[in-house]
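Generate the whole structure from the sequences, applying the supplied hints.
The sequence shown begins at -19 in our numbering and counts up by one.
Treat the hints loosely; a few may be bogus.
[Claimed, not checked] Here are the simulated DSS-like pairs of lysine-lysine, each with C-alpha atoms no more than 30 Å apart in a straight line: (1) 203 <-> -9; (2) 153 <-> 64; (3) -7 <-> 55; (4) -9 <-> 64; (5) 20 <-> 153; (6) 78 <-> -7.
Think of the hints as simulated: they come from the structure by calculation, not from any bench.
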Amino acid sequence: MLNLIRIELRKMKMGWYVRGVIIANLIILGFMWLVSYIEKAEGTESFQSMDDAFLVIGTFVRAVFIVFGAVLIAKLVISEYKNKTIQVMFTYPISRKKLLAAKLSISGGLTFITILVSNAFVAAAFYMLNSICHVIPGELSADVISQHSVKMAVFAFGAAGTSLVPIFFGMRKHSVSATIISSVVIVMLMSSTSPGLSISSIVYIPLSLAAVGLFFSYMAVRKADWQDA
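Written as structure tokens, this is what we have:
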């Protein structure tokens, strides 16, 4: 399995993904800081504390990279089925199930790592900017950092699993557009809010969606041996 993952990673050529991640992080950081700075200049506060800011940063990061995860699935799996290139790989003396499992492991694993690193980077950069300009009141304590780190890891796992849900929609007709559009719809539903309640802050929702994503992935792998490419 590890050898298959290494081979797939070499085939992927990660440059486009790394560039996309860097650009996305800078855009999220810039947007968060711009909103906070403008509202502070107008005499209002967009966030009551850094903890509130970190919550919104985490929501943005997860939303962006769930869609990135769907793009990975579309590139690694759906497009190969659609273009029939996966038929060549199925002629190799390699289990179809292992091959598809390796591809989905790359997608889910990269999404998990990317969300963790991106969340940490954007939060740390935002905190350093705030320590210079003092846009948001209050200081970070060790307890807050510790709690946020645990939440970040749990939500990153939930988001990585959620990013696998679009495999169900994409595999139905081997549609790249259905894969990506379904991820956008999922993100919109997860990011919806109502007065006093943010769905994105309820940990059971992304964990439940992660379970659904893992189930859909399992079913896709299970069908690999008899499903036509």
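Right, here's what the structure says about each hint:
{"no.": "1", "hint": "203 <-> -9", "in the structure": "24 Å, holds"}
{"no.": "2", "hint": "153 <-> 64", "in the structure": "13 Å, holds"}
{"no.": "3", "hint": "-7 <-> 55", "in the structure": "12 Å, holds"}
{"no.": "4", "hint": "-9 <-> 64", "in the structure": "16 Å, holds"}
{"no.": "5", "hint": "20 <-> 153", "in the structure": "49 Å, violated"}
{"no.": "6", "hint": "78 <-> -7", "in the structure": "21 Å, holds"}
The structure is inconsistent with hint 5 alone, although it conforms to all the rest.
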